[in-house]
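Given next are the chains, with one letter for each unit.
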Amino acid sequence: MREVAIIGCGMTKFGYLEGKGLMDLLTEASLNALDDAGTGDKDFDAVYVSNVAGGELSHQRAIASGLVDRLNLFPAAADRVENGPASGGSAVKNAFLAVASGINNLVLVVGGEKMMATPRARMTDAIATIAHPVEYLHGVTLPALAAMFARLYMHRYGVTRKHLAMVTVKNHTNALKNPYAHEHTPISVESILEEATMVSDPLTAYDCCPTSDGAAALVLCPAEKAREFCDTPVRVAGFGQGTDRHAVHEREDPTILNALRVASQRAFKMANLKPKDIDVVELHDAFTILEIAQSEDAGFFAKGQGHKALEEGVTAIDGKLPINPSGGLNARGHALGATGVAQIVEQTRQLRGDAEGIQVSGASRAYCCSFGGFGNNVVVHILERAG
Amino acid sequence: MVTYPKHARCLNCKGRTFEEIELGDECTLLTYTKLFAYPEGLELEYVWERPPIMLGIVEFKGGVRAVGQLTSEDVKIGMKMRSVWGWLRKVEEDDVYGFRFEPIK
Chain A
1 MREVAIIGCG MTKFGYLEGK GLMDLLTEAS LNALDDAGTG DKDFDAVYVS
51 NVAGGELSHQ RAIASGLVDR LNLFPAAADR VENGPASGGS AVKNAFLAVA
101 SGINNLVLVV GGEKMMATPR ARMTDAIATI AHPVEYLHGV TLPALAAMFA
151 RLYMHRYGVT RKHLAMVTVK NHTNALKNPY AHEHTPISVE SILEEATMVS
201 DPLTAYDCCP TSDGAAALVL CPAEKAREFC DTPVRVAGFG QGTDRHAVHE
251 REDPTILNAL RVASQRAFKM ANLKPKDIDV VELHDAFTIL EIAQSEDAGF
301 FAKGQGHKAL EEGVTAIDGK LPINPSGGLN ARGHALGATG VAQIVEQTRQ
351 LRGDAEGIQV SGASRAYCCS FGGFGNNVVV HILERAG
Chain B
1 MVTYPKHARC LNCKGRTFEE IELGDECTLL TYTKLFAYPE GLELEYVWER
51 PPIMLGIVEF KGGVRAVGQL TSEDVKIGMK MRSVWGWLRK VEEDDVYGFR
101 FEPIK
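Residue numbers (this note's numbering), protein chains in the order written: chain A, 1 to 387; chain B, 1 to 105.
Derived by calculation from the structure, the hints in this document are not laboratory data.
All the pointers check out, no bait thrown in.
Just so you have them, the derived chain B footprint on chain A, three or more residues with Cβ under 8 angstroms:
1) 119-125
2) 131-137
3) 141-153
4) 199-213
5) 249-262
In silico DSS-like pairs for lysine-lysine, Cα to Cα no more than 25 angstroms straight-line:
6) A:K303 with A:K162
7) A:K303 with A:K269
8) B:K76 with A:K162
9) A:K276 with A:K308
10) B:K34 with A:K162
11) B:K80 with B:K34
Far from chain B, by Cβ distances over 10 angstroms, these chain A residues were calculated:
12) A62
13) N72
14) N94
15) I187
16) K225
17) T243
18) R352
Using N, Cα and C, we set each Cβ at its ideal position, and we do this for glycine too.
Generate the whole structure from the sequences, applying the supplied hints.
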């Protein structure tokens, strides 16, 4: 198996991008990544496009073929990857495997979603179909699953609504300095606890990430060729993926994110690293409680201790283990198919020292968690600044 | 091993032979939420803005669990519940019926 490097990255701003369709967003992010990589008019072997609901939300299917056409990447192999909210992580994994196997030499991965043009109740329903039918048919939505998970977590581990609000404040504060972020709103714990609108008790609108328009892209090649394109390649040191019971209620302990545990252990094993070796982390905080739970099941803190690390400032941008310096899904935003790719774009910038405003000083190893369903399919990547 | 929902192979032994059993009505509330932002399909006829829906996970004797709507807002973790039949929602134009859970007074 060959070593694989990221030699270029690019993304669009996340947010309400009026006047830009799904294909416009995918194109913009792709061109940014191609320019960043300096691949010029070189031929690409393959293109992986991560997108969850182009057919339902943008009335466009088979968008990988459409993107190749738009960008003149003929005759590259092209596939759309759909794996719920973990689509981005899955697309990057596919690109990594294609290069690592020796079959492909130059691969583009791009994720995108257009969400804000769809009415909210219809969007909520479209996303809820990710849940098991025995959940969905009862009216269960992703925020409802997160809320039931949060209540159990609070009951068992002493997490409070104040801890959840602290995640929002940390991530919104980080996002203020991220020009790509959806949210640029300063917010305080007090205002969340006193004024925020309840979405699914105990989670408020500030505990739930926004749904966004946006796209993000990466260019991958064999590590041995990376220096031909770029002075600061980033190596994909490891990836891991795991799955869990579809229905949340059927997990032996519904507060344990076992797919993440498996994915994380596999990624660390492949990278031959341990959680203590990581300098910067991007987690899938679609709901604030998930950042706390994932920080534990990823292996960074013991079960039930994540909220204490948060309280002590360990996960702040200037803490010992910064989590979501980009603002995370909570404030950078969540454009379903784009998110897992965007996390790796943000981390590539961190490792290159290019993350202006949100740079974690001296970051040389990064961890990304792309989290699908309500935790039933998780992809983890570990990145390392190439020596 | 008793499971809900159904699987094509047993979660314990990968066997493919199953029988359906009655779980009984009584269960315990494991966790719950009051959902304000309900999805399309849960609107009520003649009600412009429906009240929030209560959802919860309940556990039956033997440890099998299910998720469903609760008939009351006045609930707490560990409470005894029973299952009752009722209308749940529409999917496209079709009405969906199923079990809901109510506190045992």
